[in-house]
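Q: One-letter residues, chain by chain:
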Amino acid sequence: MKVTIKSWTGVASWRWIANDENCGICRMSFESTCPECALPGDDCPLVWGVCSHCFHMHCIVKWLNLQPLNKQCPMCRQSWKFNIH
Amino acid sequence: MLRAIGKRDRDIFDEVWPEKRKIVLKLLRQETVSQLEWQELFFGVHFVCLWDEKGAAKIYEGLQQDIVEFIVQAQSKVQAQRGEQALLATYIVEWRKFFTQSNYLPLPFRQLEQSPQVKPASSSSSTSSSAIGGGGASTSNAAALISSQVPSSSSSAKPSTSSAATGGASTSAGGASNSAGGSSSKKSPTEDSPVRKLMLDSWNKHIFHDIKDRLQESAMKIVHAERNGDAYDAQLVVGVRESYVNLSSNAEDKLEIYREYFEKAYLKATADFYRLKSAEQQQENGVLAYMKYADAKLREEEVRAKRYLEPSSFNILTCRLVKVLIVDHLNSIIAECPALIRDYETERLNLMFRLLDRVIDGEGVEAMMGDLQRHIKSAGLADMQSASEIITQDSEKYVERLLELFNRFSDLVRNAFNDDPRFLTARDIAFKMVVNDTSVFKMELPTSIANRGVKYTAPESKCPELLANYCDMLLRRTPLSKRLTSEQIDARLRDVLLVLKYVNNKDVFMRYHKVHLTRRLILGTSADSEKEEDIVEWLREVGMPADYVNRLARMFQDIKVSEDLNTQFRNSISRHDAINIKILNAGAWARCSERVSVSLPIELEDYIPDVEEFYKKKHSGRKLQWYHHMSNGTITFVNNFGRYDLDVTTFQMAVLFAWNQRQHDKISYENLRLATELPDPELRRTLWSLVAFPKIKKQILLMEPIAISSPKDFAENTMFYINQEFAIVKNGKSQRRGKLNLIGRLQLSTERSQQEDNQSIVQLRILRTQEAIIKIMKVRKRMNNAALQAELIDILKNMFLPSKKMIKEQLEWLIEHKYMRRDDDDINMFIYVA
Chain A
1 MKVTIKSWTG VASWRWIAND ENCGICRMSF ESTCPECALP GDDCPLVWGV
51 CSHCFHMHCI VKWLNLQPLN KQCPMCRQSW KFNIH
Chain B
1 MLRAIGKRDR DIFDEVWPEK RKIVLKLLRQ ETVSQLEWQE LFFGVHFVCL
51 WDEKGAAKIY EGLQQDIVEF IVQAQSKVQA QRGEQALLAT YIVEWRKFFT
101 QSNYLPLPFR QLEQSPQVKP ASSSSSTSSS AIGGGGASTS NAAALISSQV
151 PSSSSSAKPS TSSAATGGAS TSAGGASNSA GGSSSKKSPT EDSPVRKLML
201 DSWNKHIFHD IKDRLQESAM KIVHAERNGD AYDAQLVVGV RESYVNLSSN
251 AEDKLEIYRE YFEKAYLKAT ADFYRLKSAE QQQENGVLAY MKYADAKLRE
301 EEVRAKRYLE PSSFNILTCR LVKVLIVDHL NSIIAECPAL IRDYETERLN
351 LMFRLLDRVI DGEGVEAMMG DLQRHIKSAG LADMQSASEI ITQDSEKYVE
401 RLLELFNRFS DLVRNAFNDD PRFLTARDIA FKMVVNDTSV FKMELPTSIA
451 NRGVKYTAPE SKCPELLANY CDMLLRRTPL SKRLTSEQID ARLRDVLLVL
501 KYVNNKDVFM RYHKVHLTRR LILGTSADSE KEEDIVEWLR EVGMPADYVN
551 RLARMFQDIK VSEDLNTQFR NSISRHDAIN IKILNAGAWA RCSERVSVSL
601 PIELEDYIPD VEEFYKKKHS GRKLQWYHHM SNGTITFVNN FGRYDLDVTT
651 FQMAVLFAWN QRQHDKISYE NLRLATELPD PELRRTLWSL VAFPKIKKQI
701 LLMEPIAISS PKDFAENTMF YINQEFAIVK NGKSQRRGKL NLIGRLQLST
751 ERSQQEDNQS IVQLRILRTQ EAIIKIMKVR KRMNNAALQA ELIDILKNMF
801 LPSKKMIKEQ LEWLIEHKYM RRDDDDINMF IYVA
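Protein sequences, first through last, are from chains A and B. Numbering follows UniProt numbering, in which position 54 of the first sequence is assigned residue number 54; successive positions increment by one, without gaps. Numbering follows UniProt numbering, in which position 537 of the second sequence is assigned residue number 537; successive positions increment by one, without gaps.
Derived from the structure by calculation, the hints contain no laboratory data. Errors might be hidden in some of the hints.
What the hints assert, rightly or not - To spell it out: a stretch of chain B is covered by chain A in this simulated footprint if at least three of its residues, at any positions, have a beta carbon under 8 Å from a beta carbon of chain A; those stretches are:
no., region
1, 545-559
2, 628-637
3, 644-658
We put the beta carbon where it would ideally sit given N, CA and C, even for glycine.
All chains, please: the whole structure from these sequences, using the hints.
A: Following this line, the structure appears as structure tokens:
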């Protein structure tokens, strides 16, 4: 007797790799959404700054729009730059 | 002609009139009048008016005498008749003649209209002398004259004549148009002529007043005879009515006389007749036949009314008839209703409905609605209970049975009650009761999830679960969905949604539907992916909450994204053709239980890092979490007998791979657990699916001892071994090649979380309730308890029906947590706290 795999369908879900549980701006869990959104996941993505802090994209964009001069990370006050991997 | 100029006024009238008068009398008697005579009359009148300054008044007076004389003759003719029929007939004949003449005779006397002496205008009456003062005065003169001239008329005629004379005065002053209100609608030029008025008034005074009681009586007798089916002459009644209408002296309300005498008498006669008849009919033939009788008579009387009555009386008559024929028998009619509904006597019900619907306050119809509702509920439940053994097991049978029930009652409502909205509502209420009934089958939901010692459960109908199962059977590749055409499946899915409309706990349906959809998407067993997406839209249409429907849509999106991902993955690494991945958005799919550990076959263990690496490159900042209880695959199983492709779950795969190195060994349960690292309940379930998969002749695994009847009975030392004789059996013959699906129902959650399932339904309801309360209060700021509850139920009704208890608990919770507070003065008033 011999068993061999012919094909396999793997099922997985994905999670954010964040250095914190909650978004520092809206205090909502990264696994859920920013307060504006209904469905977690692709529609409400996370973004990372060069400073390695991580927020809901909607939250940080809103925050940055409120800062007229120095666009800073709300956590560490370094100037904010998106970390594009 | 010229010689006339010299003569005195009186002479002209005296000279001309006697000749003309003959023509007038001829006209009145309806004798032939030659063209010449007719013209002579015109000329004569004109001549007199022209040369005699009081000519108009004189002619009027003369005319009056003649008319009255003629009428008196007619009266004696009528009065001479003894028999009622004959009396009526003579009267009508005379009246017709006279009435016809009232259209012609005034024509030659148009000249009189110009004259202020006969014009019954109100201004002329004040100043002028008695003789020529006004029509009224001259009329009373004439009346006095007549009464003295005709002493032979009956004694009763005297007071009535004199009273008519005073009445006549006011009549003439009232206006010339009073005689225009005849039954004829066309307006003849003579209608407002004073001569015509004179004719009609005179008729009224001299004939009609005396005999109207007799006329009326006779007319009613004829109607009565007609109702009894005897021979009759309808024209007689019509004639009487016409004279009532045409003779009215009240210009404001031409139907006054008609209404006071004729209509009143007609109504009374009708009511009396049917009061007697209806009781008789009902007693003799029973209520059912009586309904037919009443219906027929109502129509008959409506037709009759059109003949005999003025249009203004129709409604009054109908009201009276409804009272006598229906309202007075209401109770006995309604008493028949339940039996008729039970026997589906649609025709009779329809009849009953039509009858009772005529009753204005709707009491009868309401009673029928109550009967219908009660019947649907009890018949529906009885039907469900009698078939409870089948339908609790078989969702197809259940839904079909339910639909059959619905169609039956919808037909009833359509055929018997013409789809009247009131009955549709009654039907819907009853359907709701049947669908949400918990006596046949139910699911127990904990009412509270707090960790208390005692757990209360509130039973709810299992209907939504069965509906979801049925949906699944239609949407999955099953014998059922293969048997049906696409249109049939569509129709049935629509039916499911129809039933769903009546379900209170729709959230349960949503949950099960999602679980089924998850299975279909993961295993790729959808019969038709277009239909899958159709039904999502339909669910949106029937008012399912948007976020729920959006999640379903997201699931389809995930599957499509995963397909693209697979193509890219295979292109990037050549050796993984056999690997498929489905990456899900955790939030959208049915809530998966926590990870289950399993030791995967080595081949798979190799693939996994590749997939993870690939995904990391595609999406930075994300990591994958595997759901091995949902993964599955196809394995090739080779034994001495043949070679088979088996669809298995990853857990089954892991178990079977334990034998790959030691094909003929018997392996104990304990060792299998060590090898697969599966948790106990999962291993038991997986093994059971391999030793006792339903509906196959030869199992792939065998066990020792054989006598184990449930997965719970596996002991640590139960031994398992590969069935070397395993083969796929088709038509009683073992096949050397073949494909077999051992997955069955894909396990989406572990044993433990299945128990939590119902609890999570309740948990979700609590959150939804809180959410809805806050939503409402945020807008309203201040709201009393009753209004809040009503609005809350409205918001939540597409998901579930919140119990009073739950609402109260959640209100308390929200108050406790300072989301809102009670008003200090009114504990039923809530105030939103920002």
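Q: Which earlier hints turn out false for this structure, listed by number in ascending order?
A: When the structure is compared with the hints, none of them turns out to be violated.
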